[in-house]
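S.K.: The chain contents come next:
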Amino acid sequence: MIVLVGLSHRTSPLPVRESLAFAKERLVEALQRMRQEAGVSEAMILSTCNRVELYGRSDESEGGGSRLEEFLCAFHGRPRPEIAPYLYRLSGSDAVRHAFRVAASLESMVIGEPQILGQVKEAYQTAEQAGTLGSALNALRNRSLAAAKRARTETGIGQNAVSVSYVAVELARKIFGELRDKNVLLVGAGKMSELAARHLVRSGARAMVLGGRTFEKAEELAAALGGRAAPFESLRSELAAADIVISGTGAPGIVIHREDVEHARAARGGRYQRPLFLIDIAVPRDIDPAARKISGIFLYDLDDLRSVAEANLRERQKEAAAAESLVDREVREFLEWQKSLDVVPILIELRRRADEIRRIEVERARRRLGPLTPEQEAALDAATSAIVNKLLHPPTILIKEMARNGYGAEQVALLRKLLGL
Amino acid sequence: MSSHVYLLFSLAFYAVGALHVLLQALTRRQLLTSWTVTATLIGFALHTASLAQRWTEAGHFPAVGLHDVSSFLAWALVLVFLMTYTRTRVEALGLVVYPVAFALVLVANMTPAAESDDPILQSYFLPIHATLAFLGYAALFVAFAMGLLYLVQERELKSRSPRRLYYILPSLERCDTIGGRSVEVGFAFLTLAIVTGMLWSYRARGVYWTGDAKEWTALIAWVLYVVLVLARHRTGWGGRRAALLGIAGFAAVVLTFVWVTAAGVASAAR
Chain A
1 MIVLVGLSHR TSPLPVRESL AFAKERLVEA LQRMRQEAGV SEAMILSTCN RVELYGRSDE
61 SEGGGSRLEE FLCAFHGRPR PEIAPYLYRL SGSDAVRHAF RVAASLESMV IGEPQILGQV
121 KEAYQTAEQA GTLGSALNAL RNRSLAAAKR ARTETGIGQN AVSVSYVAVE LARKIFGELR
181 DKNVLLVGAG KMSELAARHL VRSGARAMVL GGRTFEKAEE LAAALGGRAA PFESLRSELA
241 AADIVISGTG APGIVIHRED VEHARAARGG RYQRPLFLID IAVPRDIDPA ARKISGIFLY
301 DLDDLRSVAE ANLRERQKEA AAAESLVDRE VREFLEWQKS LDVVPILIEL RRRADEIRRI
361 EVERARRRLG PLTPEQEAAL DAATSAIVNK LLHPPTILIK EMARNGYGAE QVALLRKLLG
421 L
Chain H
1 MSSHVYLLFS LAFYAVGALH VLLQALTRRQ LLTSWTVTAT LIGFALHTAS LAQRWTEAGH
61 FPAVGLHDVS SFLAWALVLV FLMTYTRTRV EALGLVVYPV AFALVLVANM TPAAESDDPI
121 LQSYFLPIHA TLAFLGYAAL FVAFAMGLLY LVQERELKSR SPRRLYYILP SLERCDTIGG
181 RSVEVGFAFL TLAIVTGMLW SYRARGVYWT GDAKEWTALI AWVLYVVLVL ARHRTGWGGR
241 RAALLGIAGF AAVVLTFVWV TAAGVASAAR
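Protein chains in written order, with this note's numbering: chain A, 1 to 421; chain H, 1 to 270.
To be clear, the hints were calculated from the coordinates, so they are not data collected in a lab.
Keep in mind it's a predicted model, so treat the numbers as computed, not measured.
Hints are not guaranteed to be accurate.
Here are the simulated EDC-like pairs of lysine to aspartate or glutamate, each with C-alpha atoms no more than 16 Å apart in a straight line [said to hold, decoys possible]:
#	chain 1	residue 1	chain 2	residue 2
1	A	K191	A	E220
2	A	K149	A	E330
3	A	K339	A	E410
4	A	K191	A	E219
5	A	K293	A	E259
6	A	K293	H	E115
7	H	K158	A	E107
8	H	K158	A	D342
9	A	K318	A	E107
10	A	K318	A	E113
11	A	K149	A	E113
12	A	K318	A	E154
13	H	K158	A	D303
14	A	K400	A	D342
15	H	K158	A	E170
Stretches of chain A that chain H covers, calculated by requiring three or more beta carbons in the stretch to come under 8 Å of a beta carbon on chain H [unchecked claim]:
#	segment
16	294–301
17	387–401
Here are a few chain A residues that sit away from chain H, every Cβ distance over 10 Å (derived from the structure) [what the hints assert, rightly or not]:
#	residue
18	A23
19	E25
20	C49
21	N50
22	E70
23	E128
24	A266
25	P275
26	S307
27	V308
28	S325
29	L350
30	R358
31	T373
32	L414
Just so it is clear, CB atoms sit at the ideal spot from N, CA and C, and this is done for glycine as well.
Okay, chain A solo, but in the shape it has when bound (with noise of 0.2 Å):
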């Protein structure tokens, strides 16, 4: 049974996940305590920023969870009685939809964000490092991943940016299209612009940077980016040939004023009315204003584009219900799937049938000899019971043994097959 101890985003503040979380360079340390002291047969450890979840495989089919509890406690030195009201414990199929619904990130902070599966495909892989992954993590591991990534290509939790830089990349699409041969021109080389940058360019814009002061600054981002730089008094003849403007110099007030965007528009305007994304990300803003009030002029600030993420933010929650139902049915799937692969029936049924098989024919062979005495029907019962369990003792050991290292569904079916039942 899978059992899982844990704390997030949703239970807990920032200072309690911090002190519980697992520092990568102790993972596999931690992993193999946690097998050994803790009680389960197979272990995972999820530690990320938002969440601290402990996986486990235990054979005891009551408390396993809580030994996970004490352990993790232990492990960072925190009294229990602190921590417990932070965690969540979770076990068998209850414990399968939490792994899934956290690999197709319905538990995430942001719905659909794509950081946490690249976290729990790390997580399974340091543990198979370790050495603490078995076939039932293992098998949790496959379909969850699988799921997540259905959720993914199938609902539309992913789309839409919710990023600033990516929101900007979006809306240019939305206004342009192709972004192929599209003029960026960055107005100052900062970090945030150079990241919007980059996504435009690998859309196949071609980039133009204007310099300040630090003219060499400029030029390295041109290179960087593939285009070219020019000096800031060239702003109004290279805004003219602009599709998008990012603007994101450190100047105290308007860089980029009415007249220019009019002026701009007016040299493209008189013959190809193309529209003019202007993306302001300065604080204090770089572009007036007033611009937006321009037709054919969209003219977006931090503001603005938070404003749009927020809203794509409500479009995903949206798409979220459809994810909730597609990662439901691969839940109910994965858990049918292993209660198929459970060997215990097997055992019960074979030793049914066996005894069975046993009275009836003790009960033929008695009135076959006629009235025996209690010593001789002792004897009798003694000796075929002794008959049976021996004989079903190796697959008694087997399917024992099957049951705690796991084994495929081709395995269980040759052992049916074997057994006639």
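Given chain A, put chain H in place with the hints provided.
M.R.: Chain H only, in chain A's frame:
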């Protein structure tokens, strides 16, 4: 089955398409599913059967009277939509096309078919001329629809806090490109329709121009679209202005048609 029965069935299938596309727009990102497209194709096949049947029943090409005109116009619209969709995969167009196609077929279902044994309708010019004209108007309608989508998407982008439509409408540039292509195609068909119409009129009546409603509508629309096509080509005009003119052009077509028809009816009454 009679043409009416076919038409009724095709109305049902278009209704499925229209409802489905609107529901999808409210809930999901993908507007057209294989269900919608299948329903449309079946509806279109039945619609084609209805027109063919009507052709035999009437004894002339089915382009006479309100019943024929709305039915045929809807048929051309669905055809042009399906062709645009196959080429560009622009699903949001369905939001405008489905309700309109449904409404037109509904009108056709509710109006009686006009009977006429005017020998002029036996001319082989009628099928050619009418088909060209209807396909032209359908393409111009698509341009009108893309212009609408352009304006809505532009408003969404300007508002800086996008709502549902922002996510399901295509980009500005796509609206502009598809709208521009539709105007060109529609304009070409319209020109050919006018030429064949004049030839037909000359053959039948000995004059190129009789001055009836259809002729005035076509001429005014043609002049408007000459301006639009030239503006796009010669000055590289696009974007908002082209969208507005595409909308205005089609609105003018509809208004002229209604006005001239009404005037024609009035003068006939006198």
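S.K.: Given the proposed pairing of K158(H) with E107(A), does the C-alpha separation stay at or below 16 Å?
M.R.: violated, 34 Å
S.K.: Quick one: work out the minimum CB distance from P275(A) to chain H and report holds if it exceeds 10 Å, violated otherwise.
M.R.: violated, 6 Å
S.K.: Given the hint that K339(A) pairs with E410(A), does the C-alpha gap stay at or below 16 Å?
M.R.: holds, 14 Å
S.K.: Need the status of pair K158(H), D342(A): alpha-carbon distance at most 16 Å?
M.R.: violated, 60 Å
S.K.: Since S307(A) was said not to touch the interface, does its Cβ keep a gap of more than 10 Å from each Cβ of chain H?
M.R.: Violated, because the least Cβ-Cβ distance between S307(A) and chain H comes to about 5 Å, which does not exceed 10 Å.
S.K.: Regarding the pair K400(A) and D342(A), is the alpha-carbon distance no greater than 16 Å?
M.R.: It holds: about 11 Å lies between the C-alpha atoms, which stays within 16 Å.
S.K.: Examine each Cβ of chain H, and state whether all of them lie more than 10 Å from the Cβ of E70(A).
M.R.: E70(A) is indeed farther than 10 Å from all Cβ atoms of chain H, at 47 Å.
S.K.: Decide if the proposed pair is consistent with the structure: K158(H) and E170(A), CA atoms, cutoff 16 Å inclusive.
M.R.: holds, 15 Å
S.K.: Non-interface claim for A23(A): all C-beta distances to chain H beyond 10 Å?
M.R.: Answer for A23(A): holds, closest chain H Cβ roughly 41 Å.
S.K.: Checking a non-interface call: every C-beta of chain H should be farther than 10 Å from the C-beta of T373(A). Is that right?
M.R.: holds, 81 Å
S.K.: How does the segment 294–301 of chain A fare against chain H when you require at least three residues with a CB closer than 8 Å, holds or violated?
M.R.: Coverage by chain H holds for the segment 294–301 of chain A (4 residues, Cβ < 8 Å).
S.K.: With a cut-off of 16 Å on the C-alpha distance, tell me whether K318(A) and E113(A) pass.
M.R.: Holds. K318(A) to E113(A) sits at ~15 Å (cutoff 16 Å).
In this structure, the earlier hints numbered 6, 7, 8, 17, 25, 26, 27 are contradicted, and the remaining ones agree with it.
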